[in-house]
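Asker: Each chain, letter by letter, is given below.
Protein chains: 4
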Amino acid sequence: MNQKIKAKVVGATGYGGLGIIDLLLRHPCAEISALVAREDAGKRISDVYPHLAGFCDMPIHAADDPAVQGKYDVVFFSTPDRVGMADAKAELAKGAKVIDYSGDFRFTTLAAYQDYATRLGKDPQHLSPELLGTNVYGMPELHRAEIARANLVGNPGCFATSCILGLAPALKAHLVNPHGLVCDCKSGVSGAGKKAKPQFHYPERCEQINAYRLSGHQHVCEVERLQAGQDVTVVFTAQVLPISRGILSTLYGDLTQDVTEADVLDIYRKFYAESGFVRVLPSTAAVGTMSVRGTNFCDIVVSVDARTRKLRIVSIIDNLMKGQAGQALQNMNVMFGLPENTGLNQPGMYP
Amino acid sequence: MNQKIKAKVVGATGYGGLGIIDLLLRHPCAEISALVAREDAGKRISDVYPHLAGFCDMPIHAADDPAVQGKYDVVFFSTPDRVGMADAKAELAKGAKVIDYSGDFRFTTLAAYQDYATRLGKDPQHLSPELLGTNVYGMPELHRAEIARANLVGNPGCFATSCILGLAPALKAHLVNPHGLVCDCKSGVSGAGKKAKPQFHYPERCEQINAYRLSGHQHVCEVERLQAGQDVTVVFTAQVLPISRGILSTLYGDLTQDVTEADVLDIYRKFYAESGFVRVLPSTAAVGTMSVRGTNFCDIVVSVDARTRKLRIVSIIDNLMKGQAGQALQNMNVMFGLPENTGLNQPGMYP
Amino acid sequence: MNQKIKAKVVGATGYGGLGIIDLLLRHPCAEISALVAREDAGKRISDVYPHLAGFCDMPIHAADDPAVQGKYDVVFFSTPDRVGMADAKAELAKGAKVIDYSGDFRFTTLAAYQDYATRLGKDPQHLSPELLGTNVYGMPELHRAEIARANLVGNPGCFATSCILGLAPALKAHLVNPHGLVCDCKSGVSGAGKKAKPQFHYPERCEQINAYRLSGHQHVCEVERLQAGQDVTVVFTAQVLPISRGILSTLYGDLTQDVTEADVLDIYRKFYAESGFVRVLPSTAAVGTMSVRGTNFCDIVVSVDARTRKLRIVSIIDNLMKGQAGQALQNMNVMFGLPENTGLNQPGMYP
Amino acid sequence: MNQKIKAKVVGATGYGGLGIIDLLLRHPCAEISALVAREDAGKRISDVYPHLAGFCDMPIHAADDPAVQGKYDVVFFSTPDRVGMADAKAELAKGAKVIDYSGDFRFTTLAAYQDYATRLGKDPQHLSPELLGTNVYGMPELHRAEIARANLVGNPGCFATSCILGLAPALKAHLVNPHGLVCDCKSGVSGAGKKAKPQFHYPERCEQINAYRLSGHQHVCEVERLQAGQDVTVVFTAQVLPISRGILSTLYGDLTQDVTEADVLDIYRKFYAESGFVRVLPSTAAVGTMSVRGTNFCDIVVSVDARTRKLRIVSIIDNLMKGQAGQALQNMNVMFGLPENTGLNQPGMYP
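Residue numbers (the working numbering), protein chains in the order written: chain A, 1 to 351; chain B, 1 to 351; chain C, 1 to 351; chain D, 1 to 351.
Quick caveat, the hints were computed from the structure, so don't treat them as lab data. Keep in mind that the hints are not guaranteed to be accurate.
Unchecked claim - Stretch-level coverage of chain B by chain C, calculated; a stretch enters the list once three of its residues show a Cβ under 8 Å from a Cβ in chain C:
#: 1; stretch: 21-34
#: 2; stretch: 41-52
#: 3; stretch: 341-350
Cβ atoms here follow ideal geometry from the backbone N, Cα and C, with glycine treated the same way.
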């Protein structure tokens with residue numbers, strides 16, 4: 001490619017924005033052209049994140065700064081719900097491809113969006129309903145071809161990514177009852193973002209594990225909606241742990257067929273044969289969150305509990321990579337016809 | 001009580017031995033009379049654990065040292081499987097009450113023990129089969145009266161304690177299908193004991209969450225056997241996290257009745273009405289492992305997922321307290337007719 | 001003592017207030033009579049700290065609430081600078097003894113206070129200058145007799161406690177040049193208090209060590225002023241580490257005499273012969289912050305570097321205990337004629 | 001460069017070996033040709049470090065395996081003392097350049113080596129004395145030209161790197177008295193290597209800070225010997241903290257001149273003008289170990305304490321990068337005439 005892909009990052013100062021900046025800096029075919037954030041406008045990004053000094057010292061602009069109203073090839077909205085739905089349209093009109101991290105474009109019908117927003121107690125009015133249907137759910141392992149043709153991608157949530165990748169092959173093969181699937185999910189603290197909060201203050205967290213919001217999560221909608229055409233219901237438990245990065249989701253379903261672990265391994269490996277970021281492993285594999293830290297991999301460990309006829313899947317990602325910025329970059333690669341792992345083909349830091 | 005209870009601690013240098021030493025030092029009616037350990041015999045316990053200097057400087061004896069063959073009121077075997085079954089008999093014969101931490105006396109029939117040992121790939125021969133039947137499973141919340149009459153108690157495992165306390169009221173009330181219960185358990189590293197191992201080396205653990213031994217655990221037997229007379233099956237997942245102390249078990253069962261969270265709260269609170277160490281809490285409770293750290297409490301959070309008809313219980317203990325030494329002391333109190341919380345009635349350290 | 005000491009805690013919801021509550025709950029001769037805090041008035045303390053549920057469920061009052069204007073035997077001001085200096089007088093007038101955690105009463109002359117306030121860029125006007133001179137610096141190891149006679153005690157800072165206890169014997173014995181002493185101090189995060197801040201957000205802290213405010217600290221004044229009559233100057237470096245509790249201060253001075261480690265051990269042990277909370281140890285001692293966690297001990301390791309003629313002292317405390325609430329309780333014991341370790345005579349939690 | 005540099009890594013399974021493997025995998029002009037280790041020979045490196053699966057699956061060979069006796073362009077000895085001194089000669093004879101991580105080639109005269117070995121209680125006999133004098137101390141910031149001409153480089157120790165980089169400009173400019181310099185050094189646990197040890201067992205370390213081996217360290221020799229021709233003495237304190245990666249060394253010297261912080265900044269910046277990996281910062285800089293994690297940078301914060309006439313330098317590195325493998329690769333680049341930051345020019349992972 002002669003000309004580099006010009007990228008604009010909206011929400012540049014959060015962990016999601018930082019993540020895509022870090023990745024774009026290493027990408028051979030893309031470059032950062034504009035940084036936008038509500039806070040810290042006027043500063044340089046390396047003032048906010050000193051480890052970037054010398055690598056990226058670009059200024060941060062307010063969203064309405066004339067300096068950042070040009071045409072970009074790709075715009076990343078690393079922003080909360082309702083920002084992308086307001087601003088994506090203008091970017092698309094100028095010819096940009098848009099990747100949005102929020103719930104705004106994870107659903108492809110207005111009804112589905114409204115169900116999601118209502119369950120969460122949010123305003124159910126979508127600000128760009130005409131875009132719904134043109135957008136694609138940004139999980140290349142399930143929707144590669146559609147993403148390749150799309151201009152607007154809703155980047156999946158981190159918990160949902162781990163659950164959907166862990167469950168999809170079993171559901172497609174009708175291995176498990178699609179109702180009452182158990183998603184027991186554990187996340188590091190960075191999943192809650194950059195903002196300091198009492199429950200994440202170091203002394204309150206360093207020996208603390210807790211479950212939260214047992215009554216319901218946005219992730220439930222996302223997991224239930226986006227399986228391949230089946231009617232799925234899940235019980236979902238979110239838990240926070242004292243690590244910085246990582247999600248480990250343990251998923252349980254009632255087997256509907258007599259299968260062995262070898263059978264399941266085979267089904268999963270075939271399902272992900274074209275998906276280099278998913279590594280399917282047997283129940284004896286010694287993997288954990290450190291196996292994927294800093295990478296875009298999803299490690300999936302399969303096991304069969306014959307006594308209780310349960311399928312049990314352990315699905316492991318880095319919540320800031322495959323769960324956020326890494327997957328966003330993977331989507332960009334697919335949208336621009338690049339090899340999917342461009343700029344992502346590197347082992348993590350260890351230890 | 002005019003005369004203090006004289007206690008002998010076998011396995012004094014592990015975390016389980018240390019735990020009971022720490023508790024006995026604060027107990028108003030008991031005193032430590034002998035310390036036994038295979039390693040470090042000849043040293044003082046405060047050489048091994050400097051924080052005990054000035055509080056307990058007693059020598060550590062080898063098991064066969066003549067100095068520790070006297071009569072004690074209570075003997076704690078904080079030892080691996082097959083030590084207590086060999087040595088408890090002699091202590092009982094001298095008139096001691098015995099509390100054993102291992103699997104040796106958690107089962108009250110030879111068949112049950114052999115099933116357990118076989119599943120674990122251990123020698124199924126029990127060295128004191130004549131004691132089986134005289135022993136009691138040491139969970140006062142379920143077996144208080146029997147423990148009060150017993151001379152030999154098998155102290156429960158830490159994972160099993162969290163699961164059984166979380167499931168027992170629901171099973172007794174026939175709220176859930178007893179088959180295919182999901183026990184998703186997360187433990188701090190101290191649950192693996194004091195011995196340094198590669199997977200618990202600080203740099204390998206500080207960002208690591210992993211599931212292990214997916215193929216099966218001793219805990220399954222313990223949980224399945226010891227519910228009130230029902231035929232129960234569970235799928236059990238053990239996971240290790242970078243905290244020092246604490247277990248959080250998330251338990252899922254298929255509801256067999258239409259119940260609300262309020263109904264379940266009521267059932268659980270009645271079940272534990274006499275059990276001061278169990279605190280039953282609604283789904284909105286903001287608790288975690290730090291709520292129970294350093295204490296003998298078990299915090300149980302109940303929730304009902306109406307959409308999937310699942311009962312979900314979050315059960316939280318300190319693995320070294322209610323999961324080990326605390327429960328052992330609670331058993332001692334019950335066996336000696338003391339108030340159950342003697343020497344245990346203290347809030348934990350925070351933060 | 002027939003009648004328990006009635007205590008009022010002002011600033012009850014911070015870590016310093018929580019610390020003294022936890023200690024008073026276990027104290028055999030004292031009881032909590034009133035809790036005051038600016039935030040959370042109207043709640044119960046166990047709403048703020050759930051681990052206290054069942055142990056202390058008292059309500060939190062605003063400072064001016066008529067319910068807390070009675071006479072108390074002791075009032076703890078666990079408050080920032082300028083609260084105690086405004087409110088202590090009224091409490092003293094009602095006959096209470098007062099222990100203040102802030103800088104307000106750590107200096108016994110107006111000039112010294114003003115020097116401190118000026119160096120820190122604070123308002124140099126003291127609101128109760130007439131009390132200066134009646135107050136005592138609350139370090140029993142150095143000022144036991146004065147504290148026993150005092151009604152008003154300024155509780156030392158945590159960093160200063162570790163430095164002063166580490167340096168006092170050497171200065172008194174003229175072992176070191178009193179000028180240019182190096183105090184290299186490392187603290188856990190709880191030393192910064194309960195309030196969540198960006199630099200203590202778990203993901204920003206878990207792998208972070210940093211030095212801060214190199215240009216100067218309040219602690220310098222406190223260390224320099226309060227040595228036994230000598231003119232002392234120190235260079236002081238504060239560093240924060242990812243632990244919850246603990247301070248380890250490494251102190252360096254230029255030896256003025258030819259001494260061996262044995263000589264220094266002897267001098268230090270004699271100096272602290274009556275001070276049970278100070279444990280003097282040789283350079284080979286294997287101690288660290290976990291040796292004192294949850295206790296009021298100060299572990300002091302002495303070493304002599306003959307090649308460079310340096311005395312090096314490692315001084316270790318729990319910043320929330322000997323560095324704050326523990327020392328406050330120790331002061332209370334001394335002020336009320338109780339054995340100094342009443343309610344403090346317990347080993348820490350391990351591990 | 002048409003032909004890639006062929007590298008052999010001896011000691012491939014330790015953290016130092018892993019570090020250079022990770023770096024070589026990303027290096028545009030080098031490739032890994034052989035992996036050697038005493039343990040795990042026969043396995044693949046990705047069996048030992050699963051995060052390398054798909055990136056490096058090469059087999060591990062025993063040192064004497066015929067398969068690894070060929071000619072390599074560069075050999076890294078990531079091995080303990082006395083391995084490199086035995087085996088480097090043969091590699092040099094075959095035409096390889098050698099970079100050794102141990103103390104074997106950090107001294108350029110036999111007398112200096114023997115002094116070092118004797119102080120440490122090691123065998124003072126060097127196995128390749130004829131090589132001493134041909135070797136260079138591998139700190140490019142001080143010895144760039146010699147390294148460019150050398151075939152044998154002794155890679156500096158991690159503690160020494162942080163101290164020497166922090167002190168060298170001040171010593172060269174005669175800003176400080178070269179005697180009695182204080183090096184107060186704090187390291188993460190990975191500095192102790194990969195082997196699990198009781199003091200690094202997660203529960204024993206997560207709240208533990210401690211100083212160790214107060215009586216003396218190999219690092220003292222290294223720091224004292226290798227300053228630019230001056231007679232230097234230091235008192236050195238090594239402390240271990242619960243982080244995985246990072247060293248923060250706080251260095252103190254007695255000023256011999258009246259200088260301001262601005263003067264010192266100027267002197268340091270000039271000294272390191274050609275050294276892109278050293279970032280010199282004022283006393284107000286908000287940096288810590290996370291600023292350099294995963295990178296080859298050394299952040300140096302300068303401050304002047306005018307009252308005590310002390311120069312205070314805070315020197316921060318990643319002990320596994322600039323303190324070990326990163327510096328080794330930097331040396332390789334210099335030895336092969338490549339730009340010094342080839343393969344190292346990347347910001348660290350954050351958070």
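Asker: Per the coverage rule (Cβ-Cβ under 8 Å, at least three residues), is the stretch 341-350 of chain B covered by chain C?
Answerer: holds (count 5)
Asker: Verify this for me: three or more residues of the stretch 41-52 of chain B with a beta carbon less than 8 Å from a beta carbon of chain C.
Answerer: Three-residue rule met by the stretch 41-52 of chain B, so holds; n is 4.
Asker: Does the stretch 21-34 of chain B contain three or more residues whose Cβ lies closer than 8 Å to a Cβ of chain C?
Answerer: Holds: 3 residues of the stretch 21-34 of chain B have a Cβ under 8 Å from chain C.
The structure meets every hint from the earlier list without exception.
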